[in-house]
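Position chain B against the provided structure of chain A, taking the given hints into account.
Number of protein chains: 2
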Amino acid sequence: MKDDAMKENVILLDHGSGGKIAHRLTTELLLPALDNPLLAQLNDGAVLNLEGCRLAFSTDTFTVDPIFFPGGDIGELAVNGTVNDIAMCGAKPLYLSLALIMEEGFSLDDLKNIMTSIRRAADKAGVQVVTGDTKVVPKGAADKIFINTSGIGIIAAGVDLGGQKAVPGDKVILSGTMADHGITVMLQRQDMAFETGIKSDTAALNHMVAKILDSAPEVHVLRDPTRGGVGTTLNEIARQAGVGICIQEAALPIDPEVAGVCELLGFDPLYLANEGKLLCVVAADQADMALEAMQADPCGRQAAIIGQVVPDHPGRVVMETAIGGQRIVDMLAGEQLPRIC
Amino acid sequence: MKDDAMKENVILLDHGSGGKIAHRLTTELLLPALDNPLLAQLNDGAVLNLEGCRLAFSTDTFTVDPIFFPGGDIGELAVNGTVNDIAMCGAKPLYLSLALIMEEGFSLDDLKNIMTSIRRAADKAGVQVVTGDTKVVPKGAADKIFINTSGIGIIAAGVDLGGQKAVPGDKVILSGTMADHGITVMLQRQDMAFETGIKSDTAALNHMVAKILDSAPEVHVLRDPTRGGVGTTLNEIARQAGVGICIQEAALPIDPEVAGVCELLGFDPLYLANEGKLLCVVAADQADMALEAMQADPCGRQAAIIGQVVPDHPGRVVMETAIGGQRIVDMLAGEQLPRIC
Chain A
603 MKDDAMKENV ILLDHGSGGK IAHRLTTELL LPALDNPLLA QLNDGAVLNL EGCRLAFSTD
663 TFTVDPIFFP GGDIGELAVN GTVNDIAMCG AKPLYLSLAL IMEEGFSLDD LKNIMTSIRR
723 AADKAGVQVV TGDTKVVPKG AADKIFINTS GIGIIAAGVD LGGQKAVPGD KVILSGTMAD
783 HGITVMLQRQ DMAFETGIKS DTAALNHMVA KILDSAPEVH VLRDPTRGGV GTTLNEIARQ
843 AGVGICIQEA ALPIDPEVAG VCELLGFDPL YLANEGKLLC VVAADQADMA LEAMQADPCG
903 RQAAIIGQVV PDHPGRVVME TAIGGQRIVD MLAGEQLPRI C
Chain B
603 MKDDAMKENV ILLDHGSGGK IAHRLTTELL LPALDNPLLA QLNDGAVLNL EGCRLAFSTD
663 TFTVDPIFFP GGDIGELAVN GTVNDIAMCG AKPLYLSLAL IMEEGFSLDD LKNIMTSIRR
723 AADKAGVQVV TGDTKVVPKG AADKIFINTS GIGIIAAGVD LGGQKAVPGD KVILSGTMAD
783 HGITVMLQRQ DMAFETGIKS DTAALNHMVA KILDSAPEVH VLRDPTRGGV GTTLNEIARQ
843 AGVGICIQEA ALPIDPEVAG VCELLGFDPL YLANEGKLLC VVAADQADMA LEAMQADPCG
903 RQAAIIGQVV PDHPGRVVME TAIGGQRIVD MLAGEQLPRI C
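Protein sequences appear in the order of chains A and B.
Taking the working numbering as reference, the numbering of the first sequence is continuous, increasing by one, and the terminal residue is 943.
Taking the working numbering as reference, the numbering of the second sequence is continuous, increasing by one, and the terminal residue is 943.
Everything labelled a hint here was simulated from the structure, so no lab data went into it.
These numbers come from a predicted model, not from an experiment.
Just to be clear, a hint being listed does not mean it is correct.
No distinction is drawn between identical chains; accordingly, a pair holds when it is met within one copy or between any pair of copies.
Stated by the list, open to error - Pairs of lysine-lysine, DSS-like flavour, derived with a Cα cap of 27 Å:
{"no.": "1", "residue 1": "K714", "residue 2": "K622"}
{"no.": "2", "residue 1": "K622", "residue 2": "K741"}
{"no.": "3", "residue 1": "K801", "residue 2": "K813"}
{"no.": "4", "residue 1": "K773", "residue 2": "K694"}
{"no.": "5", "residue 1": "K801", "residue 2": "K714"}
{"no.": "6", "residue 1": "K801", "residue 2": "K726"}
{"no.": "7", "residue 1": "K714", "residue 2": "K726"}
{"no.": "8", "residue 1": "K801", "residue 2": "K746"}
{"no.": "9", "residue 1": "K694", "residue 2": "K813"}
{"no.": "10", "residue 1": "K813", "residue 2": "K767"}
{"no.": "11", "residue 1": "K726", "residue 2": "K694"}
Bound conformation, chain A alone:
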């Protein structure tokens, strides 16, 4: 079916995976059409210079199914997702826009609950929703509710982050356990018969980012491993910077219950979405400072150094496995689960 669809020249679910095919759609169709150097940097947001003021500007749409899940809902996700994209630019997020697409017949009670979540998440992150839009489409033309948030943040003098800035010798830190959000949504969707304590990690990371940048000014890259997971995000950084990245499997933080479900269902947690985690690439001599700053924050208690940037195999990520071997960690190749965020 996939081959048929490609022959037919149509959009596939894989085009939205955050993985290889999504990357090709972006680099081969979307970027050439727009041909903009700012966009071509492929960072989580754009860094703009406006009359001497450095701003980060980012956008993200949320189509998660189900819209309510253990640990959060689409509203909280929409606030945290854009807050995090802006924070990953090294910016302090300040203002969000909020655009709703709702299906005719969508429950007003659900809408109220989502708006309450949005408000709570915005307050927690210290951002304000300052402009919005509401569209309603006929029943069947959309599934319940989709939310877009865009955001603006301000970048302090001296802060200059980007995927292209990783250099050999840098350490790679992951701020906590992998795959919690991905597995949470997956379990809801598959209607699994077993009960777990697993919940989404959705959280705003901007307060933790401020602490990291205070403690370790030599941070080179911050990136949140959402769609496509830690594995895909590390590949993006390796490609952007033209460096190799080497990670240690034994060092990767994962919740035992999440690891168990992944094993049972045959999912690789390296490719599952996170919504409250970040990857930090930092000069080796400041890695401990960055790690301590993370561990002192509620969002980073389980942060760990998971690897380093290397001069070998540029553009590739290699994992030293727990049993002493090596394997290449490629970008996510297919779509593990649509509508994860």
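Frame of chain A, contents of chain B only:
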């Protein structure tokens, strides 16, 4: 059916009309949840102060059906719509975000054509798409493609516009003919058997706005009458400023063919969407300067003074009819046509 849906406490198509029920959803559910003074101003975008730099920030989602129509397509509409919202704040639009939601199976050729339109429209308006997002949902979970754009512009010193700034004595100017976009989409959707030369007026108005503000610094309000049309937009201004507005039916510019179709189908052009027009409320002694600036621009050739702000009937719009009577022009009460933009 409408009463049933309201009893069931669900979203109706009317909630997206830009009219009365949409206004109630915004003021009774969305605004109280967010409780933000910037948002509560209900202008086309938010005006933000960032380290001495005054920015306009706005968002809009486009779900138009069909996605290609005479005079434009969803891509061009998405660029022009947000460019115009920013221009209506008196700002010079600079940067856009672009977020796509596509249905599995959507044609890649259509996507390419839409991206080409987006690029062309952005170039024409002088803005850059600097950040983006792509989501794909399973077949049936969305209808073809929805596009969100958000945008940032910069406001020159001394410019201070807003719906609340209309004062009695001001003149009201409409920059051209009413209802072209609304009727275009309607004709496409109804599969009308007659051929017309009617096409959407979608256009970026920022260059014209710059000329207006240069010529007539005492402009108090700029607003583009999109969903809900000229009638609804005038009501919004009257409510925001607590003033009355009086318009002259005979002065309203309308294309004769559009007027004919409206009469035939029983639509009131005052409530049909425009995508390349603006309403300008300006101090009486500068009205002619503003009018001349518009008429000198390709987007404003048919601009006309259509009425004035009055101290009577605050919050209400009254029209002096062509036959010498008076009628109240209320906000759009129902949904004339969903997915107009």
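Consistency of the hints with the structure:
1. Taking the closest pair of Cα atoms, K714 and K622 come within 27 Å of each other only across two copies (19 Å); inside a single copy the shortest separation is 37 Å, beyond that limit.
2. Within a single copy, K622 and K741 get their C-alpha atoms only as close as 33 Å, which misses the 27 Å cut-off; across copies the closest is 21 Å, which meets it.
3. In this homomeric assembly, K801 and K813 come within 27 Å of each other (Cα to Cα) only inside a single copy, at 25 Å, whereas the closest approach across copies is 55 Å.
4. Taking CA atoms no more than 27 Å apart as the test, K773 paired with K694 passes inside one copy only; the shortest distance there is 24 Å, against 43 Å between copies.
5. Taking CA atoms no more than 27 Å apart as the test, K801 paired with K714 passes inside one copy only; the shortest distance there is 22 Å, against 39 Å between copies.
6. In this assembly of identical chains, K801 and K726 lie within 27 Å of each other by CA distance solely inside one copy; the values are 19 Å within and 47 Å between copies.
7. In this homomeric assembly, K714 and K726 come within 27 Å of each other (Cα to Cα) only inside a single copy, at 18 Å, whereas the closest approach across copies is 40 Å.
8. Proximity of K801 and K746 under a CA criterion of 27 Å is satisfied intra-copy only: 22 Å inside one chain copy versus 32 Å between copies.
9. In this assembly of identical chains, K694 and K813 lie within 27 Å of each other by CA distance solely inside one copy; the values are 11 Å within and 35 Å between copies.
10. Taking the shortest alpha-carbon separations for K813 and K767, only the intra-copy value of 20 Å comes in at or below 27 Å, while the best inter-copy value is 43 Å.
11. For the homomeric pair K726 and K694, the shortest alpha-carbon distance inside one copy (14 Å) is at most 27 Å, but the shortest distance between copies (32 Å) is not.
Going down the numbered hints, you'll see the structure goes against none, and every one checks out.
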